[in-house]
Every structure is written in structure tokens, then in C-alpha cells.
Amino acid sequence: MRPILMKGHERPLTFLKYNSDGDLLFSCAKDHTPTVWFADNGERLGTYRGHNGAVWCCDVSRDSTRLITGSADQSAKLWDVQSGAQLFTFNFDSPARAVDFSVGDKLAVITTDPFMGLTSAIHVKRIAADPDDQVGESVLVLKGPQGRINRAVWGPLNKTIISAGEDAVVRIWDTETGKLLQENDKEIGHKKTVTSLAKSTDGSHFLTGSLDKSAKLWDIRSLTLIKTYVTERPVNAVAMSPLLNHVVLGGGQDASAVTTTDHRAGKFEAKFYDKVLQEEIGGVKGHFGPINALAFNPDGKSFSSGGEDGYVRLHHFDPDYFKIPSI
Amino acid sequence: MAEVMSMEDIRTEASRLNIDLSVVDWNSVYVPPGEDFGIKSDDEDLNEEDSLEFDGGFGNVIVVDNLPVVPREKFEKLEGVVRKIYSQLGVIKENGLWMPVEEETGKTRGYCFIEYNTSQEAELAKEKTNGYKLDRAHIFSVNIFDEIEKFMRVPDEWAPPESKPYTSGENLQHWLTDEKGRDQFVIRAGSDTEVLWNDARQVKADPVYKRPFWTESFVQWSPLGTYLATVHRQGAAVWGGASTFNRLMRYAHPQVKLIDFSPGEKYLVTYSSHEPSNPRDSHRVGLNIFDVRTGKVMRDFKGSADEFAFGGTGGFTGVSWPVFRWGGGKEDKYFARLGKNVISVYETETFSLIDKKSIKVENVTDFSWSPADPIFALFVPEQGGGNQPARVSLFQIPSKQELRQKNLFSVSDCKMYWQSEGEYLAVKVDRYTKTKKSTYTGFELFRIKERDIPIEVFELENKNDKIIAFAWEPKGHRFAVIHGDNPRPDISFYSMKGGKVSKLTTLKQKQANALFWSPGGRFVILAGLKGFNGQLEFFNVDELETMATAEHFMATDIEWDPTGRYVATSVTSVHEMENGFNIWSFNGKLLYRILKDHFFQFLWRPRPPSFLSPEKEEEIMKNLKKYSKKYDVEDQDITLLLSEQDREKRKQLKEEWNRWVNEWKKYHQQDKMDRQMLRDGEASDVEEEYEAKEVEIEELVDVSEEIVADA
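Those protein sequences? They're chains A and B, same order as listed. Residue numbers for the first sequence, in the numbering used here: 5 to 331. Residue numbers for the second sequence, in the numbering used here: 8 to 718.
Hint data in this document are derived by calculation from the structure and do not stem from the laboratory. These numbers come from a predicted model, not from an experiment. Worth double-checking, as some hints may not be accurate.
[Unchecked claim] Among the chain A residues that face chain B by a calculated CB cut under 10 Å, a handful are: (1) 9; (2) 11; (3) 67; (4) 217.
[To be verified] Not close to chain A: a few residues of chain B, all C-beta gaps over 10 Å, as computed: (5) 197; (6) 338; (7) 351; (8) 401; (9) 481; (10) 585.
Just so it is clear, CB atoms sit at the ideal spot from N, CA and C, and this is done for glycine as well.
Chain B on its own, in the form it takes in the complex (with noise of 0.2 Å):
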């Protein structure tokens, strides 16, 4: 019965058999477990799902090997031990432990079966007491019972294993190749993700790839622009490639929340939480740390939620994201979370913690990375009322050494900022005022690459301005201060050069509340996001003029592309009305926009750091003027191409109304007798002369007689 039977073979083969096949109850009709008649079942991502869950069925259950050979007054004593170490680790199923017993001596036969609820629990049993030492003649060999099969297959004699010849992958750098330097970036909107090119010579936006559903929650690019990744409910996936997106990995995570790369995207931190089974309980939550190429799981951590908890403004889920803060730079050596008390610091060569230990810091309520190097700021605030004081500081990985702190007194609140390559980091410190009614904030400024890292205290003019946002300059000396009272605050900026803080300039009165530097410093985009309605400022800090303004209105996202020759700026779905994105040049040149209704997220593809040598970059900027002349011309050539482009067009598009008003106007006289009978023989279509015809209409308003009496 391999071939499948069509509608009519049915009929006639009812007809045969005299079944009336109108009175045939189709749902009492089962076909026998197991088969399919040749006919393959339509739902096979179905199949393909619940495969991934059950695969085998003893996976629950593992083989502990070693175990001593007891005779039987000992039986239940071992059995016992076994039951004590392996019950810590899973719930053991009821009547799951099994001990198979040599029946002529009664002795145990040195090995046990345990069988668990469920195969995560075997596999960590597995995991934790494979090499356990008993005692010393006894070390546990622990088996997944499925493997056991496997083992069995093994040859006894060894093979050399054959080695693959070797297939290079895809150059998944491959967009950085891209002959006109345009960078990539992602959008999201309704239920598509679009991969497109920002190709501003042509002033629109290039698409590269688009895929529906894509994701379930949300997509991030990785830090150096690699991988693109997506979320779904079984786990995390990967894409990238040379030509398109191609899945390149997936992390198995059910239910995850969130993701979260390391600097030099070498791992991937997934988070999940479980909703608890009664009301008691807290959020279960769990976090993989898997190595992004391999696909495998480095570490893994489970607990309540509360133990994640620490530290951190807000977050998801009481968990305050990233949990896992990366360090080290890009080598991604080492990660570090707070804890309660504690900070614990790992390194990922063992994925274990450094020295063993985590660093004990009494009440420390936020530590923060630098950039650059493995140097972290923890913050521990006022304790004892005010008898001791709060304190910053710096500590250096792996040494755990404290390399400065500062004490601070009366502080209600502190915040760190840190200058992207490491050399500085800025403290801003909310204090109490005498009276303890209200705060005032001030700043320290640390020079982390200088002997003995120097700070300076650093005031605002006005004391009691609230600092409404702060930002330094990425690779320069340069931060930028919005301070003073809305609506209209004041921004000034200020340079750490020259070994003392020395103010810039300060515009005043500004619609502003957040700050964005070009990620090439240098130029600033003051901004007026959500109260403001969406002000834009364009300011060079160098020139301290302003550049341009603009206004995207309610635009709730600014974001530089990675080279800093353009600005993103997008209104997300917290709108309804005006959702989309808009392309300006550095200077604030509005360059195209673009409108997508339900927009969620612009995500400019980041960028690796150059991979030129700082001598041959010096080489470019020196011969600048030769290389932008070839850039010139072909510019040039661009823009006459594409004034060419759209006169053809236009001239096009004119062409074809021009046909199509002929042909209404052919059809449109050869319906003028008709139309003329219908209006009773009235000639005046409106194309005809128009008639102004001057008529003359006498009313009678009023009619009285009067008698008029003789004289």
C-alpha cells in the first residue's frame, strides 16, 4: 500500500467491498500506531519539535559504574549512599534507583541504574559525579543509559579516524568588501525583518534581505557586526554569510528572554526565566554561556531569580541585564556579576572563577567594566547612617587589586561613566545638601592611564543644576554636559586635556535632553526626544558651531552608523502615528525617509575595529587628498547618473499619462452625443467654450395696492 490511493480508487474500491461510503464516520477511522500507509504526515515541523525533546527515551536514565561489590547485610546501606549523593541533584523517580544483584552470592554486581524525571537531571548528575571519588579504590563512571548503546558499537580495534578534508567556510565578512563603503542595517517592522544597505550617494535605502517571522522577539547584531541574532522560543540562532543570511549556529535555550554577546562576540549569554509552580516561589531563571562558533554550552547557570538580582537599575524581570558584564576588552577574557556582598569574576579559559573566589565587597550595589582593559569601578553606598562612607573603587583582573578608591561623604547616589578606549572614567555623584531635603551633583574624574590615577573634583558653575545627561567623547578627551532646569537646560562641554579640566563653551537655553556622540568624535547630535517633540542640533565641537538643525518629529531613537558619516533617527511603535526612520548626514543633511508602520527597531550593522596598522592609516590620512579624488569623481559621476536616472523617469512617467489622457479623451468624444441626449440636446460639456451668459431675473418682491384718495 505504498501508493497513495486518490479519491476515486476509494469509491470504487468502497463499491466493491458494498460500503456506502455517505454513512462512513471518518472519525472513527484510526490507522494502526506506526503507520502511515506510505502517505507522509503533513506536520512534520511538529515531528521535527518533539524530536529535539524525546530523543531515544532512557535519556532520563544513567549508569553509575565502580560502585563497590557488597555483599547483602551491606545492600542497603550502599544503597542508601547512592540514594543520598544522587537525589541532590534531580528528583530520582519512584522506584528509579536500581541495583542489580549476582543471584547465586547476592552480592551487587558493582554498578546501579538511576532513573530520573527528567534527562536535564541525568545529564547534570552526569556531569557533576562522573570521576566522583567514593573512596579511593572506588571512582564512579557515570553513563547516560543511551550512550551505553553507543559504546557497544565502538570497534575494538582502533582506526585512525579519517580526516575531512578541510572546506573554508564563508568569508562572513564579507559586507565590509562592499565597493562603495555603505554599511547595512536592520529594521523591524510588523512581522518582517529587512536587512538593507544605507546607500546614501543614491539617497534611498538598498535592500538585502527580508525574511518574515524572522524572529519571535527581537534581533541584535553582534558586537563586530559578524552575526545577526534572532530569538525564538526552542533558543538563539545566528546568521550571517557572504551573499545572504544563512543560519550559521543555533543555541538551544527554550524559552529565552534574552541574549547578550561578548565584546569580541566570541560568546553568547542567553537568559530564560520559568514562571514558578506556586506562588511562594520566586522566578526560576536559567543562563547558557554557549561559544558562538561551536554551538556549545561553556557554562550554564540556574537559580532563583532573587540571586540574580543584585544591583542595577530595574531590569527584566527583577534581573538586571546584562547579568553578566564582559570585560577584558575584546579578548574577552574575563565576566564578572554581582552578587549579594560579593562580586564574582570569571575567566574564560575554565569558565570557573578566578582564584576560585569571588571578591568579597561588603554591600557593593554596581561595579562597571572599562572599555578597555581588565579594570572594573565598584560602588559601595553610605553605610551606619553616614559613619562610614561611601567609596569608589577601582580594581585590577586577574591581580584582584585595588588599584585607587575614593571615599565620599553624604552621597545619595552615584553613577559611572566611562570614556569608550578606558582613559577615563567620570563619577557622577548625587549629594545630600545639608538639610538632607534636596541633592546637588558633582563629578570625579579619574585618569586611569596616568601615574596613580589621578582624580580631580570637577563641579558644574551652578551647583544646584540637575544633570540632565552626560557623555564623554568616544575615543577623545571631550564630554558634554545638558544641566540646569527644563524646559530649556544649558549643555557645555568640557576637554580633560592639559591635566585640569578646562570648559569649552556652553550653549544655553537648548530644547535638549539626550546626547549623541559620532562614534569618530568630533560631532555631537543634541537631541529633544519625547517631551521635545524631536529637536536635532548638529554640533561640531571642534569648530564649537552648530552645524545645522532639524526636527524629526516624535522621534523616539537616534543612532549612528558605526563610521559616523551618518545619523539614523527613527520613531519605534510607542507611537502610533509617524512610525519610520529617517537618514541624515553628519551635518544634518536629511538625506531620505522612510515610513513603515508598527516600526520596532533600526540597528546599524556595527563594524570591527580597521584592520590596517595605525602606520598605514597615517599613510592614508597623510595622501587623503589623493584617494577623495577618486571618491570625488565617481560622487560626481553618481550624482549626474542619478539627476540622468530621474529625468528619464520623469519624462517616462509623462509619456504614459500623456497616452493614457489621449485615449480618455478619444473616449470621451465618442461619447459626446450620447452624453449631449442625455442632457436633453445641452451642448456644454465642460471642455467646451465656456458661455458666460449675462440673465437677467426680475422678482417680484412685493405687490401693495394702494388707493390713493383724489384730490
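Chain A extracted, bound-state conformation (with noise of 0.2 Å):
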């Protein structure tokens, strides 16, 4: 499985995404321009130019027309992904953090970061079916959390918010009357900032990674605690397997230490656990500094990595990697 660099940033990866096909990867990084490639061989498709600041998060829609990306220049803009226009463009008082379309594209959510004074909020927005219809207003605010919200994604069938961020709390909130429904148990919650959310095909449970060294794995309707993988260092990015019972871990000591220490010492490798038994597997090495983001492909034959050295790195697994068995 050799995997496939592709260098196209030139700063820290953030996020990657594939739509909902598996033939596109949508990346993004702290270099204001969003990026599409082939998901199969690597090759840059295209790129989103227009932002201004660090994007950190991008949603693309089912039918992988819309493109929608949250960016530190206090705003969230909608792009066409075949041509790479831009659409429209949600402003903000504060940066724009996580953005995620919900079941049907009619609505994405977007949070915004703490900033001068303002305090951390989810927004949810209607999203017109012909962008000359759309509008910036906001349908429901959500306010509360202390800190950053590093992600926000939709429950099912859209009656839902999931919410997680920089106070390590995982918070379900109603979007019909914008309440909040319920917080997770602090004693088996997370210690620490939570950094990133990855929800399965289905919908039906999610995964968090923390800074505190683990990873956790919900039930999406009961916020029920299912599974705790402990790993050496802060969980940066998670990722599910859609197709077998794997977890994929990233991370690495802060940005900051890195240099401090022997590159072995971060120990910059995408790890596997396998899901039901909270067991190590495996790992995946070649990163140069900490993996910021983890997708993997709707089909489960590949996964991507971005990492803190700019590189998106593509794995496609051996044929020996879908015979581990399952327990």
C-alpha cells in the first residue's frame, strides 16, 4: 500500500472530506484555498479561491454539486464544485469553524469561534436550491458552550445538532426550539479539548477525538458512552471504516514541541483500533509532523491523512489489509 503524496498545500492541512460518491477529496488547509483532487490517483483537480484566512472545515453536498467551507476570515462561502465559483458568502463578526450540510442540503450548520469580546455560536442556515435565492439570515443561533467549538455536525433526520469543542463537553441540541437536550457525563467524558467528530455511514453513532490522549465513540440518539480508545498522544483527527470494524486515529504532540523532539518521539502515524474490542491494530507512519485530519472513502478501500508538513498522503489498502479478522 504505497501511498500516494499529494502536495498541493503549502501550509497545514485542516480538514479532507470525500463526497458522497468517493471520486472527489475536498482538502483544506491554512492556505485560504480549498482544494479538490481525484480521489482514485491523487491528481489535483481544481482549487476554491476567494477566502481569505486559514479554512478549517468543508462540507460537499450529496449530489457533489455545492462545496461549503467555514475560513478565519469570518466567513463561510458556498462554491460551486464543478466550476469552482463562488456562490455566496455567509459573513460573520468572528471566524467560521466547522460547516456541515444536513440530510436533503437544505441546511448547513456553521459555528463560529470566540472572538473580541463575541462568544463562541452555531449557526444554521437554509440553503436555496438556486443560489440566486439565497440569503445570509440565520434560522435558529445557538449560544452557550465556553470556548471553541472545533465541530458541529447534524443528528438524525436533521432534528438535531451535535456539538463539541474546546470545554471537552459533547452537546446534543434540538433544532426545532434551539435547546439544549442533553450533555454528556463529565465523569466518563472527555478531560480535554475535543478536536475533532466523525459520525458513521449510517448516522447512527460518532466518534470523538481529544486532546486528552483518547478517542470516544457515542451513541448519536442517547449520547450513550459505547467505546473509549486510548492511544500515547492527543487524537487530533478521527475517522470510522465504512466498511469493517476500524477506528482511525491521528495526532501528535502540539505544533509547538514538535521541534523539540525526534520526529519518532511524535510518533506521527495514523493508528487503527479495532472498534468492538478498543484493541490496537495497526498504524500507518510517514507524516512529518502531527495529522491534523483523517477521511476515509465511502467505499472503506482507502483512507487520506493531512498533516501539520502539508501533505495529504492517499492510502489505498492491500488486499491483505480486508482479510484482518474481525475478532
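Reconstruct the complex from the two isolated chains, following the hints.
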């Protein structure tokens, strides 16, 4: 499984996203230009120019026509995937971070960072079918959590929004009323910033990664803690295989501490765990810096990782991988 | 007012008295001193601590009896004499000396009171001058004032003391009777201190006892493993017991910094240093030697740090620890300390200097006890620019006889290594080359147990090789040396057998900078710590072969368990990452690994020497097969059980997981229609059949019109 190195970004990667067909890979980095690649051979297809700050997150609509990106330039933008044209810009008073399309792509959730006295917030926007009808008003604004909200995603049937961030708490919000429905139990929850959150393919459970050196698997409806995966380093990125019962954790120490240690000390590995047994089953090395982003191809036959080193590494699994006995 | 009032009662009472509670300034309300209205204060801990220091109130006053009775004319002279004696032992308070006088005659009454600043001074004065002979007729009898009351209560008639029935204490060595023959270890991580069994068969650590904030700085096992010592602001404490860890004894020593047990764990030395009150003074240090079992102070030493700062390399605020080095094997008979031009040897029967004199050795800089016998080796560096050679001598205690001496020339430095049974002594000597620009290293090997203690000079084949590490095989006759230049030094093994040093082998170009022999000898770990990132090589010296190589990345510490069966390697909090420890078998198989953030300490619980007689041990060795059979069976049973348990657990996990998944599927199915609706009727949920449709898109790339001219 010789990885394909995709060098297109000049700054650390922040996020990776496959489209639902699994033929395109979208990458976000701190260098202002989200990029789209062929998920098969890693060829660069194009870039989306227009942001004026680091791009933190993106999502692509189910029909692969629309891309939404959240950026530190205090905006979230809608793009036409094919032409790369900017369709709309949502402006905020603070940096935008997480973005996620709802089921049906008619709504999008966008989180904004605490900034200049503003608290963090979760905004819900309506996405019009025709970009000319698009408006910037929020349908709903949720506030409350302290500190940055690193990820917010839609729950089943768009009835809930799940958010997590710096205060280490995972929350479920009601999208009808805007009320906070649930917070995870402090005893069993993360102890430090939640850095990443990934939903399962069927949207029934999700995985959170945290700087407390663990990742946790939760039931999306009841917020019950199902599994905990303990690792040796802070977790920056998580992903779940849609095919096998595997989860992948990526991370490393703080970027600021990287230079002070041998690259082996950081062990910038993507670590594979058995989802059910919570045991480490393998690792994929290669990055020169911490892994910031991970994504599984929806077909489960390849995955990609994005690092602080500015590379995206595209890994197609060897046939042997699929012979790993599950339990 | 013994009952505690509820807030409700207070309100009704206040309204009855026409007091508006909202305008009452609660901070202005004071309880009369000494009255608590039946409400116990919450901060009892505080009170307890205070009571330690200020018990009584006249603790700093002493009563000196049997003074001469003098008339008024001589009063001042006597007072002067008394003041002179007692002001040497502490600071007498202003007007702190009071000698009562009989009113009619003006004669003194033959006693006086002296008030010191502190009770410690009073205690010292009592200790030093009780029984002091002023002259033949006047032998002082000194008591602390507080004790007078105690003496008053002594009944005039003697009653035989009640003999308490003997209650047997706990078996403090209970951990040795573990059925599985496991060893314990203590770890400190974060604020928690935890004692665990090393359950190597089940490849895990089995918790015994855990306690947060057990110690304020570090923990330490006593040398035979009976006690675990903790260090606190008020003093040290030891813990142990049959079933769990109870506090067995406390040793009061405020601000204790360091502790050290005697090898037979009879005594505990505690050390504290105090910041000087003005910058010209040096640190004050205090040392107490406690009897471990009774908790009694056997001897205390006080002085400035300079007095205790000789010899040794580096150390704690100038003091080389341990200040007192224990000698004479496990009997704890002697201890010694290096002073300026002297070595002071004390014996523990009276806790005083042997023959009331220190041993005078001009310019001595270092000494080292034999681990087994009351013999120590000392080193005196070169004097007078090389006119007086450096020398190493062996002294026997208590005779103070010099057993052997060796003069050495052009020496720059010297280090002494005793073999664990005291059979051999290796002295590593760094000598200057002729040009004095560089040094080279040789060894002087003493055979202590042979007649006249023969000395052999031993040099490496390449004299210029730097010595990186040296270590004797415990209980053996071999030693290992790491020599050569970084980054890949060589390691050589030598044997002392046969009256002459013989080389066993040299391992070329190893990534190692430290040697860790198994406590049973034979096996050694060649470790590359620090710069070498934790390379480990498990080497069998009997067969001269490598058993395994491994790596514990960034490892900082390596410790063999007391039986030599297992090894722990740990990464302590000097590194930020990777904190935790690994347990290996003696032959280099990784058994398990535990990660702990902020990992400070890993210590195996030592074992006392075997209680079996040599004959019995020999018999066991002879019938080893018979015994080992039993354990083999046990081992196998456990392995089977383990894999069975493991399978069971996995099965259970899997079942649980499937239950989850089915539940989700059910919900997912239920939501199917809703989801379709949200997607405007598009049916394709991911799990439904994938339909690959080929879509052809024609794109108009360019349109250009050309007018074709008619021909």
C-alpha cells in the first residue's frame, strides 16, 4: 500500500472530506485555498479561490454540486464544485470553523469562534436550491458553550445538532427549539479539548477525538458512551471505516513542541483500532508532523490523512487489509 | 446552648428580639474566646498541627536544681556562672533567668528557672546539663518546667506496673507469602501513589493499594522491603502491614527533605536544610537518626551546611547524600561521615564515635564501605604538586587498622566500585598522560577475601578508551565495562576467577551507555538511555549470547525486580511524552506496558535475603525438576484460563456490539421514509444497492463561426 503523496497545500492541512460517491477528495488547509483531488490517483482537479484566511472545515452536498467552507476570514462560502465559482458568502463577526450540510442539503450548520468579546455560536442557515435565492439570515443561532466549538454535525433526521469543542463536553441541541437537550456525563467524558468528530455512515453513532489522548464512541441518539480508545498522544483527527469495524486516530504532540523532539518521539502515525475490542491493531506512518485530518473513502477501500507538514497522503489498502479477521 | 441551631430558629429568635438580620454585619460577630457553643470547628487538622508545636506552654522553661545555696553577696556571681553555662546552649529570653531568694535570709534556694526562646533549646539544655558537675557537692538536676507537674503526680508509694498482655503485631512481611510468588512495586504518577503486584502470568499489574497525595515529595522502600517511607512537611512516616498499608510510625522532623534507611532497616536518617536568615550565613542543616521501630531519636546532628558538604560529587544544596554511609553489612553496626581531613565513624550501640575519636586522614575526599564487611576504602588525592602521591587505603572497623594501601601517581580522579558481596573492590583511576593534556583510565582490582589482599593492575587493551560505565556482577566474579568513543562504544566482560583477570568477550559497536546486571547475576541489560533513545539488549553472560534486543523509546530508568525475573523500564516525567513503564521478562520479552501521565517513580519492593539455609537451598536446586513440574502445570492452567477468559470477553463484547448495531438498524429503518422525504424523494440511502449510472454530459467548449468563402 504505497501511499500517494499529494503536495498542493503550502500550510498545514486542517480537514479532509470525500464526496458521497467517493471519487473526489476535498482538502482544507491554513493556506486559504481549499483543493479538490481525484480520490483514486491523487491528481489535483482544482482549487477554490476566494477565502482570505485559513480554511478550517468543508462539506460537500450529496449530489456533489455544492461545497461549503468555513474560514478564519470570518466567512463561510458556498461554491460550485464543478466550476469553482463562489456562489454565496455568509459573513460573520468572528472566524467560522465547522460546517456541515444536513440530510437533504437544505440546511447547513456553521460554528463561529469566540472573538473580540463575542462568544462562540452555532448558526443554522437555509441553503436555497437556486443560489440566486440564497439569503444570509440564520434560521437559528445556538449559544452557550464556553470556548471554541471545533465540530458541529447534524443528528438523525436533522432533528438535532451535535457539537463539541474546547470545553471537552459533547452536547446535543434540538434544532426545532434551539434548546440544549443533553450533555455528556462529566465523569466519563473527555478531559480536554475535543478536536474532531466523525459520524458513522448510517449516522447512528459518532466518534470524538480529544487532546486527552483518547477517542470515544457515542450513541448519537442517547449520547451513551459506547467505547473508549486510549492512545499515547493527543488525538487531532478521527475517522471510522465504513466497511470494517475499524477506527483510525491521528495526532501527535502540539505543533509548537514538534521541533523540540525527534520525529519518532511524536509518532505521527495514523493508528488503527478495532472498533469493538478497543485494541490497537496497526499503524500507518509517514507524516513529518502531527496528523490534523483523516477521512475514509465511502467505499472503505482507501483513506487519506492530512498533516501539519502540508501533505495529504492517500492510502489504498492492500488486499491483505481486508483479510484482517474482525474478532 | 449545646444544641446546634438551625437557620430557621435563628430567624425566629431574631424576630422575637426585634433584630433585623439583613442589617447585621456578620463579620463583626465574635465568639467569646474558648467558647464554641457546642459547635466543633471544621479545621480540626489545623488545631492538631498547632498542638504538636505548642503543647503545654512552659515547654521552653527549664528548672535547674541542686545549685549551691549562696548568700546575697554571692548572688550575682552565681547568676553569672549559671548564665554562662546556659547561654551557650541557646538564647535565654530577656529576664528569662530567675533565681528565687529566701526573703528573711537573702540566701538563694538552690534552684533557678531559665526561659529559652524555643522548646528545642530547652530540650537541648536539659539533655546536655542534666547531671552536670559544678563541683563535687553540686550535680545539676535539670527538668523541663512542664514535667514538674508530671513529677508532682507521681504517687509516693510504688505500685508494680501493670504488665500489658502481649498483642502480636501484624506480619509486616506478609507480602512475601504471596501464593503466586509475585513481587510488588510502587509507582507515583500525578498526585497518586500506587502499590501493585506484578502479575506477569496474567500479563498485567494487580492493584494493592492506592492513595492520592500519599507523600509530599517522594516514596522509598526500606532496604528489606518491610516499610514504605513517605515524606511530609512535618516529617517522615513509614507504612506497611499484612493486608494493606497502614501507618506504622511517624518521625517528626519539620521540613525534612531527604531520608535514608540503614541497610538492615533498623535506623532511618532524616535530613532537612533551612534557608539562612541573613545572606552571609550558610544553610543550616539538621539530621536525625531514628530507630525505625520505636520512632525514637537516637542521635541528632545540627550544623551549617559547610560542615556536611565534604566529598562526593554534587548533591543536595551542597550536601552529598547520604551524609551518613552505613557499613558493616546488614547488622547496622557502624555509620560514617566524611569531614574535613577526618572520617568520623560512629557505632550504633551508643551512637557515639568509636574510641571517641574520628579517624584523621589528611585531605581525604571520598570513602566507600564494603557492602558486606566493616571495611571501607578511602581515597586521598595527590598533594604538593605530585610530591605526595595519591593513595587508596582500606580500613577495618572497629580496630581502625589500615589493611592495605596503594599509592598512585599522576591521578586526576578516582572512583570506587565494590562487588555486592564485598569480595572485590575495583578502583577506577583516571591518570594524566605525560603531557598532562589528557587522561587515560586504568583499574586497580583488590581481592579483599584473599590473604594480604592482592592488588592487580588492569588496563583495557586500548588504554585511551574512555570508560563510559563499569559494573560488577552481583554475587559474582565478573564485571562489565563500556568503553570507547560515542556513539558506538564497545562492551567487554571480564572474570576475576583463577587469580588473574581474564577477558571473556568484547561486543563491538553497541548503542549502550549503561549496564544493568540482574540481581542474581548472569544476565545483564546493555541499555542506551537518554541520547540512545532507550535501546535495550538482553545479554546472557554465561553463554555470551544476546537473548533479545528491544527498545523502550525514551526510557530513562531501568530496574530489575529483586528476584531477577522481571525488569521494568520507565519513562519518567523528564520527558513530556511517552510517560509510563514497561515490564519485561528477564530474557527480553515485553509482557505489558502501562502509560501514565506525569510519571515520577517506579520502585520494586525489595526482598530480604532468603530465610532458607544454604543446605535447604541446595536441596531445592537438586530437586528443581520436581518443584518446577508443579509450577509448569500451574502456568499452563493459567494460560488456558487466560485465553478462555479472553475469548469469553471478546465474545461478550461482540455480542454487545451486535445488539447496538441491530438497535441502530431498527431506528435507521424507521427513519427511512422521513429521510427520503428530506432528500426530496431520492431513495438512495447508502446501504441500499449502489446504482452506477453512466451519465454523459456534453459540454460546449467553444463555438466559432467561420464564413467559408464560396469557391
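Hints and how they fare:
1. 9: 26 Å, violated
2. 11: For residue 11 of chain A, the interface hint is violated, since the closest Cβ of chain B sits about 28 Å away, which is over 10 Å.
3. 67: Since chain B brings a Cβ to about 9 Å from residue 67 of chain A, closer than 10 Å, the hint holds.
4. 217: 8 Å, holds
5. 197: Consistent with the label, residue 197 of chain B stays out of reach of chain A, its closest Cβ about 12 Å off (over 10 Å).
6. 338: Residue 338 of chain B clear of chain A: closest Cβ-Cβ about 47 Å, beyond 10 Å.
7. 351: Residue 351 of chain B clear of chain A: closest Cβ-Cβ about 47 Å, beyond 10 Å.
8. 401: 47 Å, holds
9. 481: 33 Å, holds
10. 585: At about 6 Å from chain A, residue 585 of chain B fails to clear the 10 Å cut-off, so the statement is violated.
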